[in-house]
Amino acid sequence: MLARPEPKRTPSKPTTNGWLIALFVLILAAALVLSLSLGSVSIPIKQVFGILFGKPALKESWTTIVLNFRLTKALTAVLTGAALSVAGLQMQTMFRNPLADPFILGINSGASLGVALAVLAIGTTGSILLAGISTAGDLGLALAASIGAGLVLGLILLVGRRVKNPTTLLILGLMFGYAASAVTSLLIYFSLPERIQAYTVWSYGSFSGVTWSQLRVMAPVILVGLALTVFLPKPLNALLLGEEYARSMGVNVRLTRFFILLSASILAGTVTAFCGPIGFIGVAVPHLCRNMLRSADHKLLLPAVAIIGAALALIADAIAQLPGSQYVLPINVVTSLFGAPFVVWVIIRQRKGRTSFSV
Amino acid sequence: MSSPVLSAHDLQIGFQSSRASRKVVASGLNLELRASEFVCLAGPNGVGKSTLLRTLTRLQPALGGEVRFSGKPLRDLSNKDLASMVSVVLTEHVQVTVMRVRELVGLGRFPHTGMFDSRSRQDEKAIENALELTDVSHLSDRFVQELSDGERQRVMIARALAQEPLLLVLDEPTAFLDLPGRISIMHLLRDLARTHRQAVLTSTHDLDLAMRSADRIWLMNRDGSIAQGSPEDLVLIGQFGHTFSQANLQYNALTGQFEEERDRTKLVVLRAEGLAGTWTERALRRAGFEVLVEGAPDLPLVEVEAQGITNSWRLTWQGVSRELSSIYALLNALLE
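Residue numbers (our numbering), protein chains in the order written: chain P, 1 to 359; chain A, 1001 to 1336.
Everything labelled a hint here was simulated from the structure, so no lab data went into it.
Among the hints, erroneous ones may be present.
Below 27 Å or equal to it, Euclidean Cα-Cα: the simulated DSSO-like pairs (lysine-lysine) are [as the list claims (entries may be wrong)]:
#, chain 1, residue 1, chain 2, residue 2
1, P, K46, P, K59
2, A, K1080, A, K1125
3, A, K1023, P, K164
4, P, K299, A, K1080
5, A, K1023, P, K299
6, A, K1080, P, K164
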């Protein structure tokens, strides 16, 4: 009998991936420090660390800038990037569709409709109400967007329990989105230009509108959304083979789907409510991480996309500030304009004849 | 005899779209499958083979009757218990890209690991074992999308084996493979049953292969009934002819093959022996001739002269005799 060659042991992949994750954390830390230091006023990194650890800065104003503007903005960016990437990864796996993003089920359209109603409709019918909203600051907008996103979320969860096929859910989500967008367009059509301007600014997306008091609401909700994914890597891995295989392996598909929808909707809805509809990150970061880690394992991918998503959001925001100038670009412009070529480059470079652009 | 791994009593299968409308595919099915048995489910297209397999594995509900796994009713089993009793290879083409073979096979451990999917030494051993049984150990670090169809199918079987089920169920596992691939998959399944006492149930279109490798065949008829038996038993009771009979197509119980029924008005006399004789006769029959051993002198006469591996054919017809160097040339000469 021929001696069978010993099966080659897997090269120490877990260690390699551990190093990569450590590298990702370093990138995130660097991006965080950079975003605190850069802006219309450039603050030396040494001073930034000093301010963070409670030492008096060279200039009084620097402390205010770092603690009250840049730190809130940076934390918002971190939360947003992580939330959108995790939600996007879950949607891509659940729908087994590489183009799925956190908003595929119409969450952002619901949020947009909420904001449009608050800014446009109420604005045209009663200026007193609008005045009330503007004095309450952007918390009013966040509330309106939350209600809109929450309504769509409720509808999706309700329908999701009855629908057997995820594709059906996808189509229903699209239809919710179209319906909500249509109503929003209608509102815009009949609105005054100034009101439209307010809506348009919100729709550009921004991390800088979030204050400490808003962060106190936003951060816990996003953390809950992220915490829901702790038990999901195993069923998500099984779902990569499709719902039928997952069921044959003992996955409770309905329950899993419920938690995925709940988590992704909370994450996407909260981000949209506080920062506006932020595109691109949610669809691109999962692909980026799959390509860099060469793995589809969600035990690895979930933390990886959260870290890389947060870092990319910070970098996008840093670019949006146009360091050294007084101008600030809309965040959506930066993510798409700078991010798209980068992702195309990563994917083409890794491709080499394979179909990498898939879940 | 061991108790059956799978049994079905008075099973009714089909689709229930609403309370009022149901489409029954088959009913009154009584089936049984024992450990270390390799059973092929065969039958014409669209009779409900997939529906039966999906019902037996609870991927779709039974309309009536009962299915038991090792004596336990299917409807009482938890998802996890069922998953450790039966694993599947579906027809659906799995679309994964950056997943390595070992990872894919490892997914089979799902019902055996805890909430966070941490693997014990036993889990690793089961994965290793599954890779070896299906002869894909050398592929374990490759990405799934780089595999050929045959390799991929073996890997899907490895995944199902890593689940360590009592019963392995496959739906048309040879559908997209070339002939050697189909044979090797069927032999793999047979060996799993014979050598490793793994109960295997597979549906297949490959009647010929099924007959050569299955311990038992479940032959599903167009009316939804199922005839069970060893392949040879089913031939002897004329079951294949019954199940697959169509206009112009008959099952030849002698050759074990389906043959086109046609009027053989052209006659030819063949005098030949050995291998060359056998294949010449086949060729003549394929060309629509009735082949005789003796016949009137006005009929074409074919004689084969074998000299080692070089053969020559002599055709004598209407007083003319011709030497031909191949069967192809012979047929052309006859059909002129």
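Now for the hints, and whether the structure bears them out:
For the suggested pair K46/P and K59/P, the alpha carbons sit about 13 Å apart, so the restraint of at most 27 Å is met. For the suggested pair K1080/A and K1125/A, the alpha carbons sit about 20 Å apart, so the restraint of at most 27 Å is met. Proposed proximity of K1023/A and K164/P is supported: the alpha carbons are some 19 Å apart, at most 27 Å. Straight-line distance between C-alpha atoms of K299/P and K1080/A comes to about 21 Å, which keeps the hinted pair within the 27 Å bound.
The suggested pairing of K1023/A with K299/P is violated, with an alpha-carbon distance near 43 Å, which exceeds 27 Å. Simply put, K1080/A and K164/P have alpha-carbon atoms about 20 Å apart, close enough for the 27 Å limit, and the pair holds.
Violation of the numbered hints given earlier is confined to hint 5; every other hint is satisfied by the structure.
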